[in-house]
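Given the structure of chain A, go ahead and fit chain B onto it with the hints provided.
Residue numbers (our numbering), protein chains in the order written: chain A, 1 to 336; chain B, 1001 to 1359.
Errors might be hidden in some of the hints.
Claimed, not checked - Computed beta-carbon distance windows for the label pairs:
1) A/Val64 / B/Asp1148: 54 to 64 Å
2) B/Ser1256 / A/Asp328: 53 to 63 Å
3) B/Leu1286 / A/Trp54: 47 to 57 Å
Unchecked claim - Stretch-level coverage of chain A by chain B, calculated; a stretch enters the list once three of its residues show a Cβ under 8 Å from a Cβ in chain B:
4) 141 to 152
5) 216 to 227
What the hints contain is simulated information worked out from the structure, not anything from laboratory work.
Glycine included, each C-beta is placed from N, C-alpha and C at the ideal position.
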Amino acid sequence: MTDQGPGADKNSNRQEVFISPTGAPMNVVQMAEGPQPQDFEVSLESLNQWQIAWRRFKRHRLAVVGTGIFGVMILLAIFGPIIWPYDRLALKPVTHSGGNPPGWMQNPRTLADPFGTDNGGRSVFILTVNGARLSMLIGIGTTVIAVTIGVVVGSFAGFFGGRIDGLLMRFVDFMLTIPFLFVILVMARFFGAGDPIVLTLIFGLLFWPGLARLVRALFLSLREQDFVQAARAVGVSDTRITFRHILPNALGPIIVSATLLVASAIVTEAFVSFLNFGLKATDLSWGNALASSQQYQIVGNWWWAFFPGMAIALTVTAINFMGDGLRDALDPRSRE
Amino acid sequence: MTGSILPVDDDVATRSAGRPLLEVRDLRTYFHVMDGVVRAVDGISFSIMAGETLGIVGESGCGKSVTSLSIMRLLDMPPAEIPSGEILFEGRDLLTMPDEEMRKVRGNDIAMIFQEPMTSLNPVFTVGDQIAEAVILHQGLSKKAAWDKAIESLKAVGINNPERRVKQYPHELSGGMRQRVMIAMALSCDPKLLIADEPTTALDVTIQAQILELIRTVQDRTGAALMLITHDLGVVAETVKDVVVMYAGRIVEEGSVEEVLLAPKHPYTEGLLGSIPSRGKRGERLNVIRGTVPNPFNMPPGCNFAPRCPYAFEPCTQADPRIGDANPPDVACWLYTATATSPTPPRVRPRLDLVEALG
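Bound conformation, chain A alone:
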């Protein structure tokens, strides 16, 4: 069918529909010249950009699902340990060498041990639920630190430019040349001693440079905008212009990359812990659950690694979808 097809169809439909009161067919032009509908009150509701973004976000189905899953994970991290507390001594008798398989594998109707147990008889479900808290805390804590530093450094560099910009960005370059992995491993071993707060700080202090670059680039383009000059012409101070006028305009991309930072911090925690450089073995996190499972893989107890691993994969995927939706929703160019 050609491009004109649907349009032509619509027109012919219209001409069939519009029949004058006398029954004679009317063409569309006559219709338009006929009596117009009564003047009606047009009330346009004022949507601010957040409301517009929310509308667009809702249309992005995967993002909504992702947000739902992320929300559930957050709730799990907060309330899970209260509902299903971890008791070091609550051990199930172990019948298999690598831990008991999930209860439903024997009896599909039982709710006992849905994720199986580890080799010591601890419920993997409880390990996973309780691990959510630390994993999420580290993910979010890292993001808060990294975003704060990144935004401050990036906005100063971008707004003031010149020497300040050069200095700050050379420092960022330096940070980015550091082999991230080794520094994390070494620092975690040196300062960490398995403390989740120290681990969060280390991540936060290493994660900000990318964000600083992004913020700087945003500021460089935003400060050339007419409204910034207009604000200066009104007598607004530079600091106020930076944080009150430019920052809100840069918030969209910052939020998007912040969500993605949460995901990568969770993954980094998991893998640092997996290498036994992260949290203490007694702290419960998804990474630790994976780490302890690795030694028994050989006996085919897939559930021990599978469920915490799925929790990580699910959360990270959900966050990425959420970030994707936010990117579309907050992009000022995608107005429709």
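Coordinates of chain B only, in the frame set by chain A:
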């Protein structure tokens, strides 16, 4: 258009007596760029009395906007540099003023209306927030009072239903409406000088007339002085009393609107006037000023306009005429010196349509 909301300034009369409100003396603004130095503004002087109106006319790139940005000190330095000159506002030199004080002058004493209403408002704040910000900043009003003031000033620029508009975001308003908001913002602190930089260029013709009319009314009502920057001689004829014609960073002619439009002296002014289409010239070819503005890195010797000037003669390529060199002194052209051997240029036909606009 609703009126009488903005307070009428009582001392318009006292203000306009005595020395000028704004006096620009030998202002030079240079830009240091990769290829060298651009002399965007190269030694211009003019003044505006309180409550008076001055138009600055010239084609793109002649330094009009740079002049206004220099006055407001909104240029980034570097690359810009102001190697010489004084900008006296109420006797104080804006160029040497500390940043802190300059900020109090901006918006409060001198307000500016920009060319692009579509992008000059911050997209993430409501119109009311943006007007209120200026008021809070300069007049120390409370949030509530500033908000009321914002509504009041929207009403003053002829916006219907200001209580609703004040809560809207820029993207919900049309271009003309946004320019009204910009004007409301500029006037919210009762400035003594209003600089309008091509305020109607981005608007369509019907709205242009309304906005000009609005600027004229509010200027009249508040007694603020107006400096109107435009390339449109029609706009100048309708809006201002005095006019300065700029070419390549220099002032080439100045005088009252009547003098300049009815009896242009400088060949450039003549060319500008001749290039406007008019009813009287129907069917004729439109006159153009042949050639282009000289390359800023390679200015011609002598008069900047000489390469394009139909009357150029020997002195023009040798020395650079300035305002005051010729007789009468308000034109920078060697044709008007006593020693000139060239015939005086034939006058362009008076622009009757522009004359009508003068009223």
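Distance restraint hint 54 to 64 Å, applied to the beta-carbon atoms of A/Val64 and B/Asp1148: violated (41 Å)
Given a hinted range of 47 to 57 Å, is it respected by the beta-carbon distance of B/Leu1286 and A/Trp54? At 53 Å between Cβs, range holds.
Can the region 216 to 227 of chain A be counted as covered by chain B under the rule of three residues or more with Cβ-Cβ separation shorter than 8 Å? That given contact holds, which follows from 3 residues of the region 216 to 227 of chain A lying within Cβ reach (below 8 Å) of chain B.
Whether chain B covers the region 141 to 152 of chain A (at least 3 residues having a Cβ closer than 8 Å to its Cβ atoms): Our answer is that it is violated, as 0 residues pass the Cβ test (under 8 Å) against chain B, missing three.
Would you say the C-beta atoms of B/Ser1256 and A/Asp328 sit inside 53 to 63 Å of each other? holds (58 Å)
Of the numbered hints listed earlier, those contradicted by the structure are 1 and 4.
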